[in-house]
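Go ahead and model the full structure; you've got the sequences and the hints to work with.
Top line first, the protein sequences correspond to chains A and B. Number 143 in UniProt numbering belongs to position 143 of the first sequence; there are no gaps in the numbering. Number 524 in UniProt numbering belongs to position 524 of the second sequence; there are no gaps in the numbering.
Any given hint might turn out to be false.
Computed spacing ranges between beta-carbons, pair by pair [claimed, not checked]: (1) I37/A / T375/B: 35 to 41 Å; (2) A90/A / M17/B: 38 to 44 Å; (3) A59/A / D219/B: 42 to 48 Å.
Derived DSSO-like pairs: lysine-lysine, alpha-carbon spacing no greater than 27 Å straight-line [what the hints assert, rightly or not]: (4) K308/B / K254/B; (5) K3/A / K130/A; (6) K539/B / K87/B; (7) K130/A / K606/B; (8) K606/B / K540/B; (9) K66/A / K85/A; (10) K417/B / K129/B; (11) K50/B / K130/A; (12) K405/B / K129/B; (13) K492/B / K249/B; (14) K115/A / K408/B; (15) K85/A / K539/B; (16) K130/A / K115/A; (17) K50/B / K115/A; (18) K606/B / K535/B.
Derived by calculation from the structure, the hints in this document are not laboratory data. Since the structure is predicted, the reported quantities are computational estimates derived from the model, not experimental observations. Built from N, CA and C at the ideal position, the CB exists for glycine as well.
As a plain string of letters, each chain reads:
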Amino acid sequence: MAKRIVLDLDYCIGCRSCEAACRARFDGEARIRYGEISPTVFLPLACRHCYPDPLCAAACPFDVIKVDEKTGISIQSSFHCVGCKTCILACPFGVLDENLLRRITQKCNLCSDRKEGPRCVSSCATGALKFLDETEYEKKKVGVRFVSRSPFWRRV
Amino acid sequence: MKQIPNSESQTPNSDYMNMTKTTCPFCLYGCELGIVSEPVSRIEYLPLSKINQGRLCARGNAAPIILSHKMRLAYPLHQNKEVFWDKAISQIPNSESQIPNSDYSLGGQQIAITFDQGLTKEEFNSVNKFAAELQGTSGLGGFACSYLEPDLLLQGCLDDIQIAQIQDIEKTNIFILVGDVFGQTPVIAKPILEQRYAERNNRIFVIDSIQTRTAAFADKFLRCAPSTEPLILLGLIALLNGKLTESAKGGLLKAIAEVTQCPISEISAVGGQVSALGGLVVSATCLGRTEDPYLLSLTCQTLAVKGKMKYLPTGEYLPFGIGKDSFGDILYRIKQGRIKVLINFGENFPFHYPQIQADLGKLDHLIATALFRPTPLPIPNLTILPIPSNLEKQGTIKTLWGEAKINKTMEPVSGSKTIPQIIDYLRQSIQRGFAPLNPRKDFFLKPGEMRGLPSSVDRDRGPLTDNGHRKTDNPPKADEVYQRAEEFLNKKLHEKNRNPNLVTLIGSKPAIGFLNIFDDEVIIKINPADALRFKLDDKKPVKVAPESALCGYETELIAKVTEEVPPGVAQVGVNRIENRRLFHIVIDKATNNVIFTPTEVRLWQKELS
Numbered sequence: 001m002a003k004r005i006v007l008d009l010d011y012c013i014g015c016r017s018c019e020a021a022c023r024a025r026f027d028g029e030a031r032i033r034y035g036e037i038s039p040t041v042f043l044p045l046a047c048r049h050c051y052p053d054p055l056c057a058a059a060c061p062f063d064v065i066k067v068d069e070k071t072g073i074s075i076q077s078s079f080h081c082v083g084c085k086t087c088i089l090a091c092p093f094g095v096l097d098e099n100l101l102r103r104i105t106q107k108c109n110l111c112s113d114r115k116e117g118p119r120c121v122s123s124c125a126t127g128a129l130k131f132l133d134e135t136e137y138e139k140k141k142v143g144v145r146f147v148s149r150s151p152f153w154r155r156v
Numbered sequence: 001m002k003q004i005p006n007s008e009s010q011t012p013n014s015d016y017m018n019m020t021k022t023t024c025p026f027c028l029y030g031c032e033l034g035i036v037s038e039p040v041s042r043i044e045y046l047p048l049s050k051i052n053q054g055r056l057c058a059r060g061n062a063a064p065i066i067l068s069h070k071m072r073l074a075y076p077l078h079q080n081k082e083v084f085w086d087k088a089i090s091q092i093p094n095s096e097s098q099i100p101n102s103d104y105s106l107g108g109q110q111i112a113i114t115f116d117q118g119l120t121k122e123e124f125n126s127v128n129k130f131a132a133e134l135q136g137t138s139g140l141g142g143f144a145c146s147y148l149e150p151d152l153l154l155q156g157c158l159d160d161i162q163i164a165q166i167q168d169i170e171k172t173n174i175f176i177l178v179g180d181v182f183g184q185t186p187v188i189a190k191p192i193l194e195q196r197y198a199e200r201n202n203r204i205f206v207i208d209s210i211q212t213r214t215a216a217f218a219d220k221f222l223r224c225a226p227s228t229e230p231l232i233l234l235g236l237i238a239l240l241n242g243k244l245t246e247s248a249k250g251g252l253l254k255a256i257a258e259v260t261q262c263p264i265s266e267i268s269a270v271g272g273q274v275s276a277l278g279g280l281v282v283s284a285t286c287l288g289r290t291e292d293p294y295l296l297s298l299t300c301q302t303l304a305v306k307g308k309m310k311y312l313p314t315g316e317y318l319p320f321g322i323g324k325d326s327f328g329d330i331l332y333r334i335k336q337g338r339i340k341v342l343i344n345f346g347e348n349f350p351f352h353y354p355q356i357q358a359d360l361g362k363l364d365h366l367i368a369t370a371l372f373r374p375t376p377l378p379i380p381n382l383t384i385l386p387i388p389s390n391l392e393k394q395g396t397i398k399t400l401w402g403e404a405k406i407n408k409t410m411e412p413v414s415g416s417k418t419i420p421q422i423i424d425y426l427r428q429s430i431q432r433g434f435a436p437l438n439p440r441k442d443f444f445l446k447p448g449e450m451r452g453l454p455s456s457v458d459r460d461r462g463p464l465t466d467n468g469h470r471k472t473d474n475p476p477k478a479d480e481v482y483q484r485a486e487e488f489l490n491k492k493l494h495e496k497n498r499n500p501n502l503v504t505l506i507g508s509k510p511a512i513g514f515l516n517i518f519d520d521e522v523i524i525k526i527n528p529a530d531a532l533r534f535k536l537d538d539k540k541p542v543k544v545a546p547e548s549a550l551c552g553y554e555t556e557l558i559a560k561v562t563e564e565v566p567p568g569v570a571q572v573g574v575n576r577i578e579n580r581r582l583f584h585i586v587i588d589k590a591t592n593n594v595i596f597t598p599t600e601v602r603l604w605q606k607e608l609s
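Right, dumping it as structure tokens:
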């Protein structure tokens, strides 16, 4: 299983530097957004790269979204997207969004152009976002350290 | 092609041969980052950095956008029209005949020099030298720092204060965070939270008037009325003061609880833990957040001294010197008509301070340097000169951890000139009308003065003299802090009841709003009770106007109804210039600092057509 972005809620301060890093790379359009669950809980929202059958890929009428079998990452071809927004409707997490400039869907590709991994993870001001594979994040156990807010490791 | 400055590059990726490592110049934390200039400018994170381990806040991430921003100024502007450099520089009057109604000797005291954000040490020294030359020729109307953000006032000034270093965070058990520390300096959150989670008994206490990102992580959040944070700190100082009798402490705490609306039990609980374990006081403030940022700074530091704690002030910029005057002095002389020409070196002034633009309109000439093309300002004879950003310069900047080098990551934007080049132009222009420039040696700031102190700190607080200079350098004593705090407490105790049709507007300055690159800050946070009272709907446009605005200024924002702000309080981001304009300015009589205070505003629903 390939690596995924994982969020440690205990460290996320809602500073949105992940969003800023993404926007700086993609000409002002962020592929990771920021949700405010409550005044005390903040949640960066990015594509989960569902595997093996992402609903966005199944819904796309033009097969623009494909799953890379090696890495398990679902990648969208911006060139072929017609902006029908079907994938946005199909996403069960509501994390896909429209690129307002180009009128197509924009989707996180885990910065596949970058060896070090996603920019949002590198940039995260508190280290709350991590880029881990499944075996690594399953080792993280609830209650390893004293946490007052949320003892759960959650996948973005 | 640029080479990596250090052969042992801090990037794990050796492909980035054209990467230049530098220090983020946008706040005092001094994060290290890399800029890859080719084929397009982009940022690289340096995971081996000892300061930030590659982590960056939104300010740092904005670096490549600033380098190629569409609004970067690439030519001088005179009266909002593009002009050549020669014409722009020639606007400064170089003879007496060009200064109408002159009662003074040849021009000298009618020219003032100011400096604000974005100057390196080398540039500051050039400006200081130029000011000294003018002073030596025929007197200078004023030399002051025009960086008016209150975070400047937080910097250390008590004699026995211990400023913390980054490694001190790892030794701390109790953190007292004043203001939105995590929101304004997000990178500092990681070491603090790691330390908090390291031991069961470690604690974070937050003192603020609104529920912020920082307060969300507090073990105890001391929520107080707007502007009364220094009084909570005064209460904690009183609890640590062994000389005060129990009855005196009780009386003081009762008065503080009445004004701050924070229960005595909560202040006492925090005071008890602080006295037992010591800790670290970290402060942050911003424009419009508190009525008396200088008092906030002094009480934070006094608490640190009394509790044998260390102190860590955060902020965006710290100049290398403080000038000979307060900006309030300069503004006073402009209003009197004594200063006719103002030359400012820096990035933000006067564009970020709309409240003073009307007064600046009284000048015959205002020459200001800038990074971006501003919206047309109501200032006649305004000349704007483009300068490179700190990412396009080589030099030294100040950080919380000491001086740091910045490297030239790209060639300066076409058409801009460095500050030493601009000073050379000005020197030639002025010399044509004046006697040869003779620097006054005693004009330079002494090393002892160059601690980054605000101008209010290193002078006595007597009345302003005619020549605008004060006499002695008197760091404030702890007794003065008590006196000032008690005066503030008395003032608050006797404050008249507020108009129920108004709310108190306070400011916040999150890093994500930096220059409005990533966030437009069009949100105004309103308590549900106020939303009900003023019939405002969530996510709908709302009109906001200062209560006593004679100019009739009003702006439109989007309401966000939330419990984060208490009833009677609204909050806006102050990175947005239209929002800054809502705040009143006062000039502190004791220190002559310009202060943007929380302001009473009216709110009403915009009628949708």
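Evaluation of the provided hints:
The hinted window of 35 to 41 Å between I37/A and T375/B holds, with their beta carbons roughly 37 Å apart. Hint check: A90/A to M17/B, Cβ distance near 43 Å, so the stated range 38 to 44 Å holds. As the Cβ distance of A59/A to D219/B is approximately 46 Å, the hint placing it in 42 to 48 Å holds. Distance hint between K308/B and K254/B is fulfilled; the C-alpha atoms sit about 25 Å from each other, no more than 27 Å.
Between K3/A and K130/A, the direct Cα distance comes to roughly 10 Å. Compliance with the 27 Å bound is thereby established for this hinted pair. Of the supplied pair hints, the one linking K539/B and K87/B is violated, its CA atoms being roughly 48 Å apart against a limit of 27 Å. Simply put, K130/A and K606/B have alpha-carbon atoms about 44 Å apart, too far for the 27 Å limit, and the pair is violated. Between K606/B and K540/B, the direct Cα distance comes to roughly 8 Å. Compliance with the 27 Å bound is thereby established for this hinted pair.
For a cut-off of 27 Å, the pair hint linking K66/A to K85/A stands: about 16 Å separates their Cα positions. Under the criterion of a C-alpha separation no larger than 27 Å, the hint pairing K417/B with K129/B is consistent with the structure, at around 18 Å. Between K50/B and K130/A the alpha-carbon distance is near 19 Å, which keeps this suggested pair within the 27 Å criterion. With a C-alpha separation of about 22 Å, the suggested pairing of K405/B with K129/B holds against the 27 Å cut-off.
A hinted pair counts as satisfied when its Cα atoms are at most 27 Å apart, and K492/B with K249/B qualifies at roughly 18 Å. Proximity of K115/A to K408/B is assessed by CA-CA distance (about 26 Å); at most 27 Å being required, the pair is judged to hold. Proposed proximity of K85/A and K539/B is supported: the alpha carbons are some 24 Å apart, at most 27 Å. Distance hint between K130/A and K115/A is fulfilled; the C-alpha atoms sit about 15 Å from each other, no more than 27 Å.
A C-alpha spacing of about 22 Å is found between K50/B and K115/A, which places the hinted pair at or below 27 Å, so the restraint holds. For the hint linking K606/B to K535/B, the alpha-carbon distance of about 11 Å falls within 27 Å, and the restraint holds.
Checked against the numbered hints above, the structure violates hints 6 and 7; every other hint is satisfied.
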